[in-house]
Amino acid sequence: MVDPRISVIDDRVRKVGRIIAVSSGKGGVGKSLLASTLALILAGKGYSTGLFDLDFTSPSTHVILGLKETRPLEDRGIIPPVVHGLKYMTIIYYSGGRATPLRGIDFSNAFIELLSVTDWGELDFLILDMPPGIGDATLDVIRLMRKPGFLIVTTPSPLAFETVKKLIGMLRELDIPIVGVVENMKTGFSNIQQEYRKLNVKFLGEIPYDPAVEENLGNVDRLLKTVFAKEAEKLLEHLTG
Amino acid sequence: MHEWALAESVIKTVLRIVDEKGIRKVTEIKIKIGEMQQLEYEVFREALVQLKPVELKDAEFIIEVAETEFKCRTCGLKWLFPKKELGEDVLEAIHFLPEVSHAYLKCPRCGSPDFEITGGRGVWIESISGVEKNG
Chain A
154 MVDPRISVID DRVRKVGRII AVSSGKGGVG KSLLASTLAL ILAGKGYSTG LFDLDFTSPS
214 THVILGLKET RPLEDRGIIP PVVHGLKYMT IIYYSGGRAT PLRGIDFSNA FIELLSVTDW
274 GELDFLILDM PPGIGDATLD VIRLMRKPGF LIVTTPSPLA FETVKKLIGM LRELDIPIVG
334 VVENMKTGFS NIQQEYRKLN VKFLGEIPYD PAVEENLGNV DRLLKTVFAK EAEKLLEHLT
394 G
Chain B
42 MHEWALAESV IKTVLRIVDE KGIRKVTEIK IKIGEMQQLE YEVFREALVQ LKPVELKDAE
102 FIIEVAETEF KCRTCGLKWL FPKKELGEDV LEAIHFLPEV SHAYLKCPRC GSPDFEITGG
162 RGVWIESISG VEKNG
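If you read the protein sequences in the order shown, they are chains A and B.
If you use the working numbering, the first sequence corresponds to residues 154 to 394, in order.
If you use the working numbering, the second sequence corresponds to residues 42 to 176, in order.
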């Protein structure tokens, strides 16, 4: 019994320039917001960009993007719909927003299925919104995707540092490229930057806590005008350079 | 039709196996398609035939549909894919992504969404018959 799907995964992302996994050891640090915002900014600057929400059990990028009723097209595969200039894939197209509890094997199967049938076409960037931690999604991205770079999101909290440290350690051991660490939701002073420097990881910058983000979820134009988005834009040099 | 994408994956995988095992002439490729994925049988077969490369010119495709079975992880009940009880939209969603069955199906006995798909999920290559290079 052989699963044929894995053999075509590379073909489906062959014309993708760079795969960036927006990741963290911890939940609630703003991964989905940063992944969506970076993808929107890249698309706005003329880079052909895809966004793939890999948080299958708790997807949220569709809320950030204010997704309207839409589904992928079929043409010898699945063509992701273009949403605000992004080729966008989410399990929401199929789960309809219902709770979709998945164990590891189900996650892997769903991921392999979507990777093997989704035709991303030519892209400069494919941004992956990762679920938190070093579980199934992280392991499968490393196992199945060609050369992903991990952009790691953290907060000033030592709790986030504790988990992110493990993610960094694992990526290092596996020799997976780390784009760098972004400190999100910054309020006041923190010395977390020094801690990351000690780990010899590139510190890409800090983004202040911005309450305007929550008020503008679903409204992409207004979201891109927030302080959060303006600070996120400064990270682009690390992706495009 | 995403049947084409799956057919392409079958052909590519068969070619890899044929190469690895040193099979000189492939005579039969047996493929199972899980009932829950509801692939359009004729479209899938046509895609396989159209995509068939010269290395597989003598191969016959045998396609069989496998019954989908579930097993509840909570109470242990086993049951079959309740196709007739599901609406068109739900069937279509499961066709594209069988795992979203966890959004729409529950164990008929205890109501748990924590079940295993124990058989008949997607597409797999059951066997490849042929003549080995040194045979």
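Simulated from the structure, these hints should not be mistaken for laboratory data.
Since the structure is predicted, the reported quantities are computational estimates derived from the model, not experimental observations.
Keep in mind that the hints are not guaranteed to be accurate.
[What the hints assert, rightly or not] FRET-style restraints, in silico, Cβ to Cβ: (1) A:Gly302 <-> B:Glu108: 50 to 56 Å; (2) A:Arg224 <-> B:Glu167: 41 to 47 Å; (3) A:Arg296 <-> B:Lys124: 31 to 37 Å; (4) B:Ser170 <-> A:Leu370: 52 to 58 Å; (5) B:Leu92 <-> A:Leu327: 47 to 53 Å; (6) B:Arg150 <-> A:Leu226: 36 to 42 Å.
Note that the Cβ used here is the ideal one computed from N, Cα and C, for glycine as well.
Here is how each hint holds up against the structure:
1. Restraint check, Gly302 (chain A) to Glu108 (chain B): a C-beta distance of roughly 43 Å breaks the suggested window 50 to 56 Å.
2. Between Arg224 (chain A) and Glu167 (chain B) the Cβ separation comes to about 32 Å, which falls outside the hinted range of 41 to 47 Å.
3. For Arg296 (chain A) paired with Lys124 (chain B), a C-beta distance near 33 Å keeps the hint of 31 to 37 Å intact.
4. For the pair Ser170 (chain B) and Leu370 (chain A), the beta carbons lie near 56 Å from each other, so the given range of 52 to 58 Å is met.
5. Distance hint check for Leu92 (chain B) and Leu327 (chain A): the Cβ-Cβ separation is about 35 Å, which falls outside the suggested range of 47 to 53 Å.
6. Between Arg150 (chain B) and Leu226 (chain A) the Cβ separation comes to about 39 Å, which falls inside the hinted range of 36 to 42 Å.
Violated hints, listed in ascending order, are 1, 2 and 5; each of the other numbered hints is respected by the structure.
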